[in-house]
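Protein sequences appear in the order of chains U and V.
Numbered per the working numbering, the first sequence finishes at 389, counting up by one with no gaps.
Numbered per the working numbering, the second sequence finishes at 389, counting up by one with no gaps.
No wet-lab data here; the hints were simulated from the structure.
A couple of the hints might just be wrong.
Heads up, incomplete: computed chain U residues facing chain V, CB under 10 Å, no partners named [stated by the list, open to error]:
1) 46
2) 91
3) 162
4) 169
5) 208
6) 243
7) 249
8) 255
9) 276
10) 277
11) 289
12) 295
13) 365
14) 389
Stretches of chain U that chain V covers, calculated by requiring three or more beta carbons in the stretch to come under 8 Å of a beta carbon on chain V [what the hints assert, rightly or not]:
15) 146 to 154
16) 213 to 220
17) 333 to 341
Note that this is a predicted model, so its numbers are computed, not measured.
All residues carry an ideal CB built from backbone N, CA and C; glycine is no exception.
There are 2 protein chains.
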Amino acid sequence: MPDKVRLGIIGLGQQGGMYASVIAKGMVPHMVVGAICDTDPAKRDLAREQYPDVAVYQDYLTMISSGDVDVIVTTVPHYLHPEMGIAALGSGIHALVDKPAGVYTKQVKELIAAAEATPELTFGIMFNQRMNPLYRRLKEIVDAGEIGKILRTNWIITTWWRPQGYYDSSAWRATWGGEGGGVLVNQAPHQLDLWQWICGAPKSVYSKLGYGIGRQIAVENEVTALVDYGDGATGTFVTCTYDIAGTDRFEILGDQGKIVVEDSKKALVTRLRKPEPELSAGMDMADVMKLFTGQVDLDTLYTQETFESASPWGQQHADVLENFALNVLDGTPLIAAGADGLHAVRLANAIHLSSWTGKEVSLDFDDDEYLALLNARIREEGKFPERQT
Amino acid sequence: MPDKVRLGIIGLGQQGGMYASVIAKGMVPHMVVGAICDTDPAKRDLAREQYPDVAVYQDYLTMISSGDVDVIVTTVPHYLHPEMGIAALGSGIHALVDKPAGVYTKQVKELIAAAEATPELTFGIMFNQRMNPLYRRLKEIVDAGEIGKILRTNWIITTWWRPQGYYDSSAWRATWGGEGGGVLVNQAPHQLDLWQWICGAPKSVYSKLGYGIGRQIAVENEVTALVDYGDGATGTFVTCTYDIAGTDRFEILGDQGKIVVEDSKKALVTRLRKPEPELSAGMDMADVMKLFTGQVDLDTLYTQETFESASPWGQQHADVLENFALNVLDGTPLIAAGADGLHAVRLANAIHLSSWTGKEVSLDFDDDEYLALLNARIREEGKFPERQT
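Sequences are here, hints too, so could you generate the full structure?
Here it is, written out as structure tokens:
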């Protein structure tokens, strides 16, 4: 068996260029760039100049069948991830799709079905923030039951400031037909993924969205969502792209503890010495008065621990590429399995759907209803063809 | 004109006792305790022992007509605030009601009508947190337009931990018939008031509540509410009484700045150098890339200022009493006018109503519908009589 897998990069834009760069820097020990393809002649010239030993293609299907690559990554507009993933898997090539897995659940389910039909191939997704050591540690803490049953989750993630010049940089950006949405499909999928990876998927959502707030765009750049986990627990998710001094604050309350994360860098973990209902039941009014007047040593009730971590530029992406390569080579478990990509798309779609219908939406919404309402927006926009499946 | 007003305290419980105490300590220069009344003989004995020079009554109506008091304060179960306020105003006595102004809008509107019929009398409400210098400063900043038009507000206020022993301390606590609700009518009215005092009232609300989570109580002790201001702005409000390591974090985003308050003690105020849409319009993609890669000096985009303040025990309450006394004596403007009490009750009712009906509720909901649904809960609970008006 070779000791390195050969990556085919589909699309040498900002992301594709970054992956090529971290591999060239040796940050991905078990991966080399086998080929690069791009429909833009200028990008192909750039590829030849920067990576003279790497094969360059115009058409991704030709690259897939060239024998130059073992795996591909899809750094292309979101709508294209499923069809490219399906084409690769159908040709015996492992597929790493960039996030989001697709724009709407119906196409993502087709991709997952293709992956299930080729279990010998690796199917992953670039949820690089799962490689943030802070979130990996928090997932371990929650999975181990250290904060007990989750009662409430709240994430405000508005560090995604994007000025008009960003939206104007590509014709497909922030359009219904070219991108399929705004902050929910472009910036926030990382948090939509982490939120569910750590806390589980909600059962329903009610949302209010803002479309083109302070920007000349048709899609949402403001989201306030209230979710219901179906077991008494609730949550909120707030994001937008016009908060220049953005907030990133994620809070998880359990019945045995609590986690508060600031800026995806620092976490305060509180662990109760007993489950909260037991602490509650064990206090009479005299104890309560002592607590209110500051006469109780809080250390007798809980412990607190702070974690901090930093991820240097490119390290998370390099780690996903390396984990993917190792899964191909020796079966090392994937941190970001491709099928997990459905969760964030489903939640993003449900948030859209609640805003479009004005109703609370089950996460088991009708895939066809979503696609029909998305197509209505693509039709009205008049810039790109409607989606057929 | 006398230089001090004489206060009649209705109910010598924890709050009434505190008001008597801060007045006795000289923290309210223009007020003396004129009389105390309580239906509990033990409390009357306590009053005579602690305040031997003060008249003590069993019945508040007798105290009102005794000539011993110029103003009364209602430190009694919430349902009673309106009827006691109305009785006082009807007898020519100034009325300071404790918060909340009442349990349901219909009774609060009757109180406000009584106050409007006696404009020569002062009508106030004990929103003591309006006296927190931090919130007063933030209100000035928002009112002056320093952060521009409000786009989003988010408050997580879960520092209201209350164990079972607290709920068991009185028969009326945390019942529909005796108290009229849980955290929305007892603990959170302060924040429901401050939120609207600073940011304005929302137009509608959608909510999910938890009833008796981890406690043997019928009423809500968990609230997640999503509000719509009707002009594109949204907000969330989260509170509960089972978070022992509680959070108090309030964020206001405007199109010219932002305020983040931690623990009601510390505020970070960001002021943009230009309105956000102008900053957005003035950046091309090259500027954006500089920003993403940390090559922009953020000082060129905004300034940041931190405020901190502390309120010693009792000072806020003493300040409300003093402000009320000065309004009676010389017309000094009230910081917490009684009519303002309607806003927090209306919002609390709308949050209940959304949970009870599963629908988004206008803040102009039908007062009678709310009362009917509240009475249905009082009936089911079977401990207290239904409310007639």
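Here is what the structure says about each hint:
Interface restraint check: residue 46 of chain U against chain V, minimum CB-CB distance 16 Å, threshold 10 Å, status violated. At a threshold of 10 Å, the smallest CB-CB gap from residue 91 of chain U to chain V is about 35 Å, leaving the interface hint violated. A cut of 10 Å between beta carbons decides the hint on residue 162 of chain U: the least distance to chain V is about 8 Å, and the hint holds. Of the supplied interface hints, the one on residue 169 of chain U holds, with its beta-carbon coming within about 5 Å of a beta-carbon of chain V, less than 10 Å.
With a cut of 10 Å, the hint placing residue 208 of chain U at the interface with chain V holds, because the nearest CB-to-CB distance is about 5 Å. Interface restraint check for residue 243 of chain U: the shortest CB-CB distance to chain V comes to about 6 Å, inside 10 Å, so the restraint holds. A hinted interface residue such as residue 249 of chain U counts as satisfied when its beta carbon comes closer than 10 Å to some beta carbon of chain V; here the least separation is about 7 Å, so the hint holds. Look at residue 255 of chain U: its Cβ gets to within about 7 Å of chain V, closer than 10 Å, so that hint holds up.
Taking 10 Å as the C-beta contact cut-off toward chain V, the hint placing residue 276 of chain U at the interface holds, the least distance being around 6 Å. Given hint, residue 277 of chain U at the interface with chain V, holds; its Cβ is 4 Å from that chain's nearest Cβ, closer than 10 Å. Evaluation of the residue 289 of chain U hint against chain V yields a held restraint, the C-beta minimum of about 9 Å falling below 10 Å. The interface hint given for residue 295 of chain U is broken, as the beta carbon of that residue sits about 13 Å from the closest beta carbon of chain V, more than 10 Å.
Checking residue 365 of chain U against chain V by beta carbon gives a least distance of about 17 Å; that is not within 10 Å, so the hint is violated. Annotation: interface hint on residue 389 of chain U violated; nearest CB of chain V at approximately 33 Å, more than 10 Å. Counting residues of the region 146 to 154 of chain U whose CB lies closer than 8 Å to any CB of chain V gives 3, so the stated coverage by that chain holds, three being the minimum. For the region 213 to 220 of chain U, the proposed coverage by chain V is satisfied: 3 residues have a C-beta within less than 8 Å of a C-beta in that chain, meeting the threshold of three.
Interface restraint, the region 333 to 341 of chain U with chain V: violated (0 residues with C-beta to C-beta distance below 8 Å; minimum three).
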